[in-house]
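In case you want the letters, here they are:
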Amino acid sequence: MTLAKSRTKEKKLVIVQLSGGNDYLNTVVPYNNDLYYDFRPSVSIKPEDVIPIDSNIGFRTHMEPIKRLWDQGKVAIIHGIGYPNPNRSHFRSMDIWHTALPEDIGTEGWLGRTVRDLDPTSENPAKAVNFGRGLPRALQCRGIPIASVGDLSTYGIMTDIEDLKMREYALDSFSKMYGGIQGKDAVMDFLGQTGLDALKGADILRKAPELYSSTVEYAENPIANALKSAAQVMFADLGTQIYFTQHGSFDTHSGEIFKHDLLWSEVGGAVGDFYDDLVEHNRQSETTIFIYSEFGRRIKDNGSGTDHGSGGVAFLIGDSVNGGHYGEFPSLEEDQQLEGDLHFNNDFRMTYTSILEQWFDLDAAEIVNGRFEKFDLFK
Amino acid sequence: MKYIKTIGMISNVGQGRGFFNPNSCAFSSSGDMFMLNSGLNRVTVQTFDEDFLTEFATWYGNKPGDKKLNTPTDLEFDSNDRLYITDEVENAIFIYDVEGNFIDQWGKAGSNQGEFNGPSGLTIDSKDNIYVVDQYNNRVQKFSKDGEFIFSWGEFGNNPSEFNLPWGICVDNSDNIYVADWRNDRVQKFTQDGEFVFSLGTTGRGKEELIRPSDVAVDSNFNIYISDWGNERVVVLDKEGVYVSSERGQSTLTTGWTTEFFESNVDERDTREISNLIPSLPEHLQTPYHESSQSEPLFWGITDLAIDNFDRLYVTELRRHRCQIYE
Amino acid sequence: MSKPEIELMAHLIRNAGFGETEPELLARCKNSYTDNLEFLLNPGDPEVMPQDIILRMNGSLDEGPGTGASDWMYRMVTTKNPLEEKLTLFFHGLFAVAYSKGNQARSQLNQIDTFRRFAFGSFKDLLLELSKDPAMIFWLDNNENVSGNVNENYGRELLELFAMGVGNYNEEDVKECSRAFTGWTIYNMEYMRVKAIKDSFSPFGRIAWHFEYRDHEHDHGEKTFLGEKGKFNGEDIIDIIVRQPATARFICQRLFQFFACDKVDLKGADVISEMVRNYYESGYQIRSVMRALFSSDYFKSLATENCRVRNPVELVVGALRISESISTPSPAITSKLDTTNFMGQGLLRPPSVEGWHEAEEWIDSGSLVERVNFVAKEFRDSSQPGIKKLLDSFIGHNQNISSQDLIDRCTSLIGYVNLESKTKESLLKHIERKCIDLDLNSKQIDISQLPQEFIAELFSLISITPEYQMA
Numbered sequence: 000m001t002l003a004k005s006r007t008k009e010k011k012l013v014i015v016q017l018s019g020g021n022d023y024l025n026t027v028v029p030y031n032n033d034l035y036y037d038f039r040p041s042v043s044i045k046p047e048d049v050i051p052i053d054s055n056i057g058f059r060t061h062m063e064p065i066k067r068l069w070d071q072g073k074v075a076i077i078h079g080i081g082y083p084n085p086n087r088s089h090f091r092s093m094d095i096w097h098t099a100l101p102e103d104i105g106t107e108g109w110l111g112r113t114v115r116d117l118d119p120t121s122e123n124p125a126k127a128v129n130f131g132r133g134l135p136r137a138l139q140c141r142g143i144p145i146a147s148v149g150d151l152s153t154y155g156i157m158t159d160i161e162d163l164k165m166r167e168y169a170l171d172s173f174s175k176m177y178g179g180i181q182g183k184d185a186v187m188d189f190l191g192q193t194g195l196d197a198l199k200g201a202d203i204l205r206k207a208p209e210l211y212s213s214t215v216e217y218a219e220n221p222i223a224n225a226l227k228s229a230a231q232v233m234f235a236d237l238g239t240q241i242y243f244t245q246h247g248s249f250d251t252h253s254g255e256i257f258k259h260d261l262l263w264s265e266v267g268g269a270v271g272d273f274y275d276d277l278v279e280h281n282r283q284s285e286t287t288i289f290i291y292s293e294f295g296r297r298i299k300d301n302g303s304g305t306d307h308g309s310g311g312v313a314f315l316i317g318d319s320v321n322g323g324h325y326g327e328f329p330s331l332e333e334d335q336q337l338e339g340d341l342h343f344n345n346d347f348r349m350t351y352t353s354i355l356e357q358w359f360d361l362d363a364a365e366i367v368n369g370r371f372e373k374f375d376l377f378k
Numbered sequence: 000m001k002y003i004k005t006i007g008m009i010s011n012v013g014q015g016r017g018f019f020n021p022n023s024c025a026f027s028s029s030g031d032m033f034m035l036n037s038g039l040n041r042v043t044v045q046t047f048d049e050d051f052l053t054e055f056a057t058w059y060g061n062k063p064g065d066k067k068l069n070t071p072t073d074l075e076f077d078s079n080d081r082l083y084i085t086d087e088v089e090n091a092i093f094i095y096d097v098e099g100n101f102i103d104q105w106g107k108a109g110s111n112q113g114e115f116n117g118p119s120g121l122t123i124d125s126k127d128n129i130y131v132v133d134q135y136n137n138r139v140q141k142f143s144k145d146g147e148f149i150f151s152w153g154e155f156g157n158n159p160s161e162f163n164l165p166w167g168i169c170v171d172n173s174d175n176i177y178v179a180d181w182r183n184d185r186v187q188k189f190t191q192d193g194e195f196v197f198s199l200g201t202t203g204r205g206k207e208e209l210i211r212p213s214d215v216a217v218d219s220n221f222n223i224y225i226s227d228w229g230n231e232r233v234v235v236l237d238k239e240g241v242y243v244s245s246e247r248g249q250s251t252l253t254t255g256w257t258t259e260f261f262e263s264n265v266d267e268r269d270t271r272e273i274s275n276l277i278p279s280l281p282e283h284l285q286t287p288y289h290e291s292s293q294s295e296p297l298f299w300g301i302t303d304l305a306i307d308n309f310d311r312l313y314v315t316e317l318r319r320h321r322c323q324i325y326e
Numbered sequence: 000m001s002k003p004e005i006e007l008m009a010h011l012i013r014n015a016g017f018g019e020t021e022p023e024l025l026a027r028c029k030n031s032y033t034d035n036l037e038f039l040l041n042p043g044d045p046e047v048m049p050q051d052i053i054l055r056m057n058g059s060l061d062e063g064p065g066t067g068a069s070d071w072m073y074r075m076v077t078t079k080n081p082l083e084e085k086l087t088l089f090f091h092g093l094f095a096v097a098y099s100k101g102n103q104a105r106s107q108l109n110q111i112d113t114f115r116r117f118a119f120g121s122f123k124d125l126l127l128e129l130s131k132d133p134a135m136i137f138w139l140d141n142n143e144n145v146s147g148n149v150n151e152n153y154g155r156e157l158l159e160l161f162a163m164g165v166g167n168y169n170e171e172d173v174k175e176c177s178r179a180f181t182g183w184t185i186y187n188m189e190y191m192r193v194k195a196i197k198d199s200f201s202p203f204g205r206i207a208w209h210f211e212y213r214d215h216e217h218d219h220g221e222k223t224f225l226g227e228k229g230k231f232n233g234e235d236i237i238d239i240i241v242r243q244p245a246t247a248r249f250i251c252q253r254l255f256q257f258f259a260c261d262k263v264d265l266k267g268a269d270v271i272s273e274m275v276r277n278y279y280e281s282g283y284q285i286r287s288v289m290r291a292l293f294s295s296d297y298f299k300s301l302a303t304e305n306c307r308v309r310n311p312v313e314l315v316v317g318a319l320r321i322s323e324s325i326s327t328p329s330p331a332i333t334s335k336l337d338t339t340n341f342m343g344q345g346l347l348r349p350p351s352v353e354g355w356h357e358a359e360e361w362i363d364s365g366s367l368v369e370r371v372n373f374v375a376k377e378f379r380d381s382s383q384p385g386i387k388k389l390l391d392s393f394i395g396h397n398q399n400i401s402s403q404d405l406i407d408r409c410t411s412l413i414g415y416v417n418l419e420s421k422t423k424e425s426l427l428k429h430i431e432r433k434c435i436d437l438d439l440n441s442k443q444i445d446i447s448q449l450p451q452e453f454i455a456e457l458f459s460l461i462s463i464t465p466e467y468q469m470a
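Line by line, the protein sequences give chains A, B and C.
Using numbering that gives the first Met the number 0, the letters of the first sequence correspond one by one to residues 0 to 378.
Using numbering that gives the first Met the number 0, the letters of the second sequence correspond one by one to residues 0 to 326.
Using numbering that gives the first Met the number 0, the letters of the third sequence correspond one by one to residues 0 to 470.
Just chain A, same shape as in the assembly (with noise of 0.2 Å):
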């Protein structure tokens, strides 16, 4: 059973993207599979550190967070999820993910055209907040604002003046000479207001760590404090639907035992205490966590490492998610593989599509440049 619609403008997605290419079989082992280990001499989670599923396979150390949701049923974990023809290039495939686009190079991002037609008049400029600077692909879309917070806390216009008077006179001038442009011409009209708006913006976002409160403490690392900003903005009620961060590097060529072990320590940690957040603040079924990479790794490590390879591996975690396996694990034999990685049976467009009409109830056709199969992700 889906939540009523009236309630669309509640439900919240919340994406973590593990930039890098995050190794699919380290994340999720085959513990019991012999080629696993015959593939990975070097580069492998031994039985005894994984945490079971079943009898085949199992999370790696540190995911011990998803695993207490999964045993209450909140998470799906979407196998050998990937798209045709593979792209093992970093910024070409984020890019694939980003526009759903595989074949072109698109400049629409998905969750641009998502905030889209959630809010067709942009009325709310926070509909959509990036925790990080610049704006990803997947959140432009022409027309479009999207907030981009590198720090929530210093967040908007001329916040380094430390002198709080001298800061109030700037803004008012900037607020002064962006108002009085206007009627100019076409061009400072469009400017003038995108100014204000801009003001407007940055001050409804930067209010929300005032209004926060909270009893779970999130760890000092930047994938804890993006969701904890992502927390203050969302109990704050400004309306904001969309939430997207990143953390990496998951590009583990070398040392990757070590490195990729602290990646999902913060990474496990983070989605743990985040969801123990929402649930402190009764958000846990309006809000569904998305986290995927752009690419698997090869099967086969390099002594040290391994390197870009395809087929991977999502999660969505929520109190409205079906959970359980969706997609099927790929197999390791050689005649099974596509050029020495895993092969992908699921298109990622799928996953986009089911999030899009389950649960924002939006026609997803357009939005990932096509019609796909569902998976039945949410309850």
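Hints listed in this document are in silico derivations from the structure and should not be mistaken for laboratory results.
Treat the numbers as computed from the prediction; the structure is a model and nothing was measured.
Check before you lean on any hint, since a few could be wrong.
Stated by the list, open to error - Covered stretches of chain C (chain B as the covering partner; in silico rule of three or more C-beta atoms under 8 Å from a C-beta of chain B): (1) 44-57; (2) 159-168; (3) 179-189; (4) 206-215.
Unchecked claim - Each computed DSSO-like pair below joins lysine-lysine, with the alpha-carbon atoms no more than 30 Å apart: (5) 62/B <-> 45/A; (6) 183/A <-> 299/C; (7) 2/C <-> 335/C; (8) 428/C <-> 199/A; (9) 335/C <-> 206/A; (10) 421/C <-> 66/B.
For every residue, glycine included, the Cβ atom is placed at its ideal position computed from N, Cα and C.
We have chain A; now place chains B and C onto it with these hints.
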């Protein structure tokens, strides 16, 4: 020069085996190779046979010696296996023991005695005196093993005993000092008291000519090796400074790390095998820099020359993340 | 020095360069407008830091898209030949190649060098170099374009986006054009292709590319292109393209919009016609085309003042040239470069082959916040050598001036910024309030009593005006 082998491979994550913008190597008394990485700062320790042993002074760790380096430039052991690392932005010398434990640091910014402005090359003589090239102060400073200033020589200029952004430095078995006088396109030889002996090289691409030499090494027979950075080659001279030969590089894959890489990336191995790895270039790209940027076996960005206990020459290439070994 | 004269010089340098301060403009005004224009069009020594020192100070500058582009940005900030870099930037946007596909920063920087080498020369030579450029070849799949198996990607974009524009050729021309470029590929293509698509820097870092012509992959048959017939190879096609009136109009209009005004009105169209005439008379020389633009009465009448949104790179480089906060090619330049990316213009990373969406599309609420915060900080920092110099010019002038004069003084100092009267009113209010706090008479301000930070703050406020976002 006879090519023996290559050690190295890029490690973009700055953890585990491999190098990232390596710029200097040195050998402990037990013969292990210590490589300074300037991309993601750390020292990696490996053997001649490419066994990766450990890393320290890392950019990420939380041990006392970690996260100290900013822009490390050179490293060298003294006779007690203490490892000295210069840092041209921190204007400091960091000292570690052979296990990688942080021991001490000294130095501060300035142009007075004992102060630094961009320390680059460092070498240690048989009595454990330390010579530091003080790049932007255009001088060499000599210190006792405890870091006490002894004396310095040099100023900006192109006369004997003057320097223009000097870089590498080495000491021979008779404790003579050789300095790569980088922007004067020459190497100068001095006694341990800083007295000028001779100067090698003039500007150019010819036999006895140099462009921006970055480092110098001298073997047990007093042959002189110069990393001719701007010409992307190593020039070999005899002890009188007479030209013997030069080498543009002939790196192969390594027996360990890169072989493992190609075992799991056969598409790259197969297409590499049908490639000409030293192509000839269109006219506008016919410079040593561009030739090296397009040719895998050639030296590219040599930042350091080092000689091990068996008199083998190690040529460290910042831009190719490896070290070619010659005898 | 007459005011119109220096204002005109400011207008020229703002558009042909990255903007300059009053002292720099005064120095230029010792020579005539024409002499200055010729100096910009015939650049001498750029007097930038020599490449050897740059590479020694920042050894990995050519490794990735961020660090690779900082080498170029450092050059823009320090060059004595701003128009040369500005044209290079123009061609980078017009012939847009992005890092994402080839993963080869060195080859992209080689391409930028090519744009710089041919910036003022013949458009024909430039298009030929472009067709042989390995980064372009890989970006538009010309390495897949072989006889009997034609890939039209490069052939199409050459006509549509790089030289002529849609509507001036038909689908048959695209096919024939593409056939003529069969066999134009990169050396060691098979290995380089695998490395590129896997984004592989192993084992020993990236390997840069160069052009290879494979005669056996070239289609030697007869082609019909834009009405002409022959066994054309790529050179012949370019020869035909540059002769087309559509090509002349296309390149001249793009240059006009990049260097003068986002929109083309009737008078602007006349200037473009004059540029086109010079294009043919000079044998397709960009130098002559640019001369025609900047010496046109229309440009010199200041009619094009503030009618073009500054692109993020010129905004950032302009501010850095004034503040002089970057003195060495240290990693700091890479972080400044990141800000142009946050403003929507990542060097070496245009969003697609169409380049950046320019004009008003540079502006959205996110990019405007980044723009304002960046310039405000550069201009407010009185410890930076460039800002300090400007502030020091107030020292010794122990006179009383009005708030109005103070504003004029400041706008002049940072490059004769032309503000609307309402904007000036807002600034006046700011000064008046501040004067009350400082217990000064805003009608007659004793300059010597003004804290330097206050004047720097005025620079900063001018830099965040809507007008300063324009050029």
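Evaluation of the provided hints:
{"no.": "1", "hint": "44-57", "verdict": "holds (count 4)"}
{"no.": "2", "hint": "159-168", "verdict": "violated (count 0)"}
{"no.": "3", "hint": "179-189", "verdict": "holds (count 3)"}
{"no.": "4", "hint": "206-215", "verdict": "holds (count 5)"}
{"no.": "5", "hint": "62/B <-> 45/A", "verdict": "holds, 27 Å"}
{"no.": "6", "hint": "183/A <-> 299/C", "verdict": "holds, 22 Å"}
{"no.": "7", "hint": "2/C <-> 335/C", "verdict": "violated, 34 Å"}
{"no.": "8", "hint": "428/C <-> 199/A", "verdict": "holds, 22 Å"}
{"no.": "9", "hint": "335/C <-> 206/A", "verdict": "holds, 28 Å"}
{"no.": "10", "hint": "421/C <-> 66/B", "verdict": "violated, 52 Å"}
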